Amino acid sequence: MSDVLALLFGGVLVHNLVLVHLCGVERVAAIAPRPLHAVLALGLFATLAAALVAPLSWTLEHLLLQAPVLSTLRPATALLASAAGVGALHGGMRLAPAALRALWRRQPLPAAPDAALLGVALLAPALARDPAQALLFGAACGLGLGLVLVLFAGLQTRLAATQVPAPLRGAPLALLSLALIGLAWAGLAGIGDRL
Amino acid sequence: MTATLLAAALLLGLVALGLGALARRAGADVDLAARIDAVLPQTQCGQCNYPGCRPYAEALARGEADIDQCPPGGDAGARALARLLGRVPKPVNPAHGTPGPRVVALIDETTCIGCTKCIQACPVDAIVGAPKLMHTVIAAECTGCELCLPPCPVDCITLVPRAADAAAVPTRSTA
Amino acid sequence: MLLQPFHGGVRLPPHKPGDAAPAPQSLPLPPELVHPLPPPGASGACAVTVGQRVRRGQLLAAAADARGAAVHAGSSGTVTAIAPRPVGDGEATCVVIATDGRDDSAPLPPLADWRELPRERLLERLAVAGVVGLGGAAFPAAAKLAAPGTILILNGAECEPWLRSDEALLCHGAVEVLAAAQLLAHLCRATRVLLALESRMHGARAALQAALAAPGAGGVELVAVPTRYPVGSERQLIRVLTGQEVPSGGLPRDLDASVHNVASAVAAWRAIVHGEALTERLVTLGGRGVRGAGVYRVRLGTPVAHLVAHAGGYTDAAARLVLGGPMMGQAVVHDAVPVLASTQAVLVLGADELRAAAPERACIRCGDCAAVCPAQLLPQTLLAQLREGELEAAAQQGLSDCIECGACAWVCPAQIPLVQLYRDGKSALQVQEDERARAAQARARHLARAARLARDAAERVARVAARAPATAPAAAQPAATAPATPAAAATTAAAPMDKAAVLAAIARGRARRQAAAPAGREDAP
Numbered sequence: 001m002s003d004v005l006a007l008l009f010g011g012v013l014v015h016n017l018v019l020v021h022l023c024g025v026e027r028v029a030a031i032a033p034r035p036l037h038a039v040l041a042l043g044l045f046a047t048l049a050a051a052l053v054a055p056l057s058w059t060l061e062h063l064l065l066q067a068p069v070l071s072t073l074r075p076a077t078a079l080l081a082s083a084a085g086v087g088a089l090h091g092g093m094r095l096a097p098a099a100l101r102a103l104w105r106r107q108p109l110p111a112a113p114d115a116a117l118l119g120v121a122l123l124a125p126a127l128a129r130d131p132a133q134a135l136l137f138g139a140a141c142g143l144g145l146g147l148v149l150v151l152f153a154g155l156q157t158r159l160a161a162t163q164v165p166a167p168l169r170g171a172p173l174a175l176l177s178l179a180l181i182g183l184a185w186a187g188l189a190g191i192g193d194r195l
Numbered sequence: 196m197t198a199t200l201l202a203a204a205l206l207l208g209l210v211a212l213g214l215g216a217l218a219r220r221a222g223a224d225v226d227l228a229a230r231i232d233a234v235l236p237q238t239q240c241g242q243c244n245y246p247g248c249r250p251y252a253e254a255l256a257r258g259e260a261d262i263d264q265c266p267p268g269g270d271a272g273a274r275a276l277a278r279l280l281g282r283v284p285k286p287v288n289p290a291h292g293t294p295g296p297r298v299v300a301l302i303d304e305t306t307c308i309g310c311t312k313c314i315q316a317c318p319v320d321a322i323v324g325a326p327k328l329m330h331t332v333i334a335a336e337c338t339g340c341e342l343c344l345p346p347c348p349v350d351c352i353t354l355v356p357r358a359a360d361a362a363a364v365p366t367r368s369t370a
Numbered sequence: 371m372l373l374q375p376f377h378g379g380v381r382l383p384p385h386k387p388g389d390a391a392p393a394p395q396s397l398p399l400p401p402e403l404v405h406p407l408p409p410p411g412a413s414g415a416c417a418v419t420v421g422q423r424v425r426r427g428q429l430l431a432a433a434a435d436a437r438g439a440a441v442h443a444g445s446s447g448t449v450t451a452i453a454p455r456p457v458g459d460g461e462a463t464c465v466v467i468a469t470d471g472r473d474d475s476a477p478l479p480p481l482a483d484w485r486e487l488p489r490e491r492l493l494e495r496l497a498v499a500g501v502v503g504l505g506g507a508a509f510p511a512a513a514k515l516a517a518p519g520t521i522l523i524l525n526g527a528e529c530e531p532w533l534r535s536d537e538a539l540l541c542h543g544a545v546e547v548l549a550a551a552q553l554l555a556h557l558c559r560a561t562r563v564l565l566a567l568e569s570r571m572h573g574a575r576a577a578l579q580a581a582l583a584a585p586g587a588g589g590v591e592l593v594a595v596p597t598r599y600p601v602g603s604e605r606q607l608i609r610v611l612t613g614q615e616v617p618s619g620g621l622p623r624d625l626d627a628s629v630h631n632v633a634s635a636v637a638a639w640r641a642i643v644h645g646e647a648l649t650e651r652l653v654t655l656g657g658r659g660v661r662g663a664g665v666y667r668v669r670l671g672t673p674v675a676h677l678v679a680h681a682g683g684y685t686d687a688a689a690r691l692v693l694g695g696p697m698m699g700q701a702v703v704h705d706a707v708p709v710l711a712s713t714q715a716v717l718v719l720g721a722d723e724l725r726a727a728a729p730e731r732a733c734i735r736c737g738d739c740a741a742v743c744p745a746q747l748l749p750q751t752l753l754a755q756l757r758e759g760e761l762e763a764a765a766q767q768g769l770s771d772c773i774e775c776g777a778c779a780w781v782c783p784a785q786i787p788l789v790q791l792y793r794d795g796k797s798a799l800q801v802q803e804d805e806r807a808r809a810a811q812a813r814a815r816h817l818a819r820a821a822r823l824a825r826d827a828a829e830r831v832a833r834v835a836a837r838a839p840a841t842a843p844a845a846a847q848p849a850a851t852a853p854a855t856p857a858a859a860a861t862t863a864a865a866p867m868d869k870a871a872v873l874a875a876i877a878r879g880r881a882r883r884q885a886a887a888p889a890g891r892e893d894a895p
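Protein chains in written order, with this note's numbering: chain A, 1 to 195; chain B, 196 to 370; chain C, 371 to 895.
Simulated from the structure, these hints should not be mistaken for lab results. For clarity, every value in this text was computed on a predicted model and none was experimentally measured. By construction, the Cβ of each residue, glycine as well, lies at the ideal position given by its N, Cα and C atoms. Wrong hints could be hidden among the right ones.
Unchecked claim - Which bits of chain B does chain A cover? Going by a derived footprint, with three or more residues having C-beta under 8 Å, they are:
#, segment
1, 199 to 210
2, 273 to 283
Said to hold, decoys possible - Which chain A residues face chain C? A few, computed with CB under 10 Å, are given here:
#, residue
3, ARG74
4, GLN156
5, ALA166
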C-alpha cells in the first residue's frame, strides 16, 4: 500500500515532470490563458499518454538494455517508447466514441512526442520495479503535468489582466514563475525516499 | 503487484471518467453553434466569407473557421468567441475587414429610382418600397451589413453612423 | 434589537455639528424653473407647449415607462422653452418655466380616506403624482411599492458626510413621518415597521419619541443604526436590521422587505392625503465654499445658482461643486443645473475638504478595497478585468452588484478611480445587452426572410409543376401573379424598367458621388 502511495505521490509531486525534472517546460511556458475545462482535458490526455509510455519504456529497457554496454542506448529506447505511446494514443482515439474523439481533436497536443513524455520514458524504468508500477507511475506523472498545466493556465489568465513590464512579458515571466514555483517544489524532495 | 495494478486501474479509470465527463460536456454542445450564434452580432454581412452569421457559427462549431473573421463583432466579439470555444484570443483579421462604429444604410430618396434591388439584397428585410416608388431603410432594423450597396444601380445608398437615441428634440408638442 | 454588522464600509468624518439638524428654511421662488423631461425616445410624452401657462403641480410629461416618473411644474408661470439644458454633468431636454410669483397650484383631489381605498388606486395616484425615491436613486415609488413586503423599513440613515436633509425632516416633521409610515405600511401590507436612524441623531430620536407618544401614533419601531458608511444603502440597511443578505441580482422583495426613504414616504403621504404632486424636496447646502449652510426647502427645477445666491453666495474657499453626497454625488462644473428629485444636497467643498489630488499610481495589491467593499466584491480583480476589457468576466465577478458607494476608491492608496471604472463597466454591460437585443431581432428577421424565400420558391415550383402539362405560356404566368411579396416583385419589376431612366440615374449618382467624394468613406468597397 505504501508502495502505491509513494508512487502516486512521487509521480504527481516529488518527481513532477515540469517543476522538478524540467521536462515539458516549453509546453507549460507557452500555454495560453484558457478556461479550466479546456486545460483539464489537455491534462487528462497527457495522463493517458504518459500511462502508455511508461510501461512501454520500462519493458523496452528491461528487455533490451540488460547488458551494461547497451545502457548508452537508453535515450534511443526512451524516444522510441514515447513515440510509440503517442502513436498508440492517436490510434486509440480513432476507435474512441465520437464525443471523445471530438474532444481529442480540439486539443493542441503535438503529434510528435514532446519532452514531457520523453521524461516519463526516462524516469519510469529508473524508478519502477515492474511494469505495473511503471503504469501507475506514468499515470501519476501525467497527472502532475496536468496539475502544472492547470496552475499555469490560471496564472496566465490572471497575468493577462495585469500590467507586466515589457521586457518580462510572455515567455520570460513564464520561465521566471516556473523557476520560482520549482524552487518551492524542491521542498518536496526526498519524500518517499524509496522512489 | 496486484495492489499496484489495482491502483493504476483505479487511477486510469478516474481519468477515463473525467475525460468522459469533459467529452459529454463538449458533446452536449450540439447547441454549440446556437451558442456561438448568440454571441455573433447578426449583421448577416458575410464578411467572414460565410453566407451569414449562422453558417459562420456552424463552421466555428465544426472547428473549420477561425475566431477572427467577424469585423462587426470587433475585438471584443473575437474575445467572446475565444472564451466560448476555449481558444486563444486574437484581434480581428484585417483581411476580413476592419472593425468600426456601427452604421446604418441611408437611401438618398431624391436619387432612388425604385428598382427594388436593395430590397432583395437586404438580409433582414429592413428596406421597404415598391417598384418605381422610392425606398427607405427602417433604421431600427438595419444591421449596417452593406449588402445593399453593390446592387444599387444609382449608388444612392450611403452608410451613416448609427444614432442610438437620436430622437428629435421636441420644440413643439402635439398635446 | 440585535443589529448585525455588514461587511466592510468606512468611517467618514460626519461634518454634522450639533445633536439636531437645523430647521428647513424656505427659499424665494426662482425666476426660472428647469424641468428635465424623461430621456429621449419618450420625448413625445411632453404635455405642454411653449407659451402655455402652467400651475404648480401641473403635469409636464407623463411617465415614459414603469421605470420613469411623471414630471410636474414646480410653480406657476409660462413655459418659455422646451430645449436642451445642462442637467447634472450632461444635457437633457427640459421644460423651462418663467415663474410669475403667484404660485397657484393645481392639486389632485385629496384621498383622505385612503384606508378604505383599494391599493391599486393609491399606487396609481403615486404614479400620477410623480412620487420618486428621494434618497438619491429617484426610482418611482409606485413601482417600488407594488411589491408588498411584510417588513417595512423607513430609511432615515443618511450616512454620507454633510447630508442632513432626512435628519431635518425627522427633527421637524416627525408627525408627518409617522403618518406616512402608517400609509406605507398599509400599502405594503407590512406587519412590522422599522424606522432606521443613525445613532448620532439624538434630536431626531427625541422628536420621534415625542411624536410616537401622541395618541393614534405608534406601531413604528425606532432603530438607531451605527454611523458607518454606507449603512444608509438599501442592501446594507437590510443586512444590519434583519441579518439577511439580499441575494446577488435580487431585490429586497426577495426577503419580503421593503425599504423606503423617509422623505419619499412623506412625499407619498402628501400626494395621497393632500393631492400634491412631487414639486419640492429638502436639500442640504454645505461645505466650506458656501455661506448659509443648512437645509433648504427647494422646488424641483430650481437652478443651483439661485439656491447658492439666496443662501449667501460662494466663499473664496469654493473649490468643487457637488450634487448629492460627497461619496456618491456628482461633481458638476457650473451651477446652471437644476435641483432634481435625486439631489439630496448641494455641496460646495473647499480645497481642504477634498482629498489632495494625486496622480494615479499602479495598484500595490494592499487589498484595502476588498476589505471595505460592502458588496463583498473583489475590486482588484474587477479593475484588472475592466482594464483588459473582459466585461463578461467582470460581470461574472459580480460587477452588477456594485452599489457604487465609492468606499474602495476612498481607501485606495494608489488613487485609482475605481468607482468610475465600475460605473463605466456597468454602462458598457448595458450597451452590450442592448446590442444582444438588436442582434436577436436581426436574427429573427433574417430567419423569417429565409423562411419566406423558401416558401416562395416552393410555391413557384409547385405552380410551374401544376401548369407544366397545360399551355406553353405558363412560364410567363408566375411573373404576372408574383408581386404579392416584395422579393418576388423585384424579380419581375426589373424587366419593364425604363432603360434610359436607369442610365440617367446611374450618371446622376456618379456625379453626386464624385461631388461628395472628399467627404465619403475611405474604406468603401
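The hints, checked one at a time:
{"no.": "1", "hint": "199 to 210", "result": "holds (count 7)"}
{"no.": "2", "hint": "273 to 283", "result": "holds (count 4)"}
{"no.": "3", "hint": "ARG74", "result": "violated, 47 Å"}
{"no.": "4", "hint": "GLN156", "result": "violated, 13 Å"}
{"no.": "5", "hint": "ALA166", "result": "violated, 14 Å"}
In summary, the numbered hints that this structure violates are 3, 4, 5.
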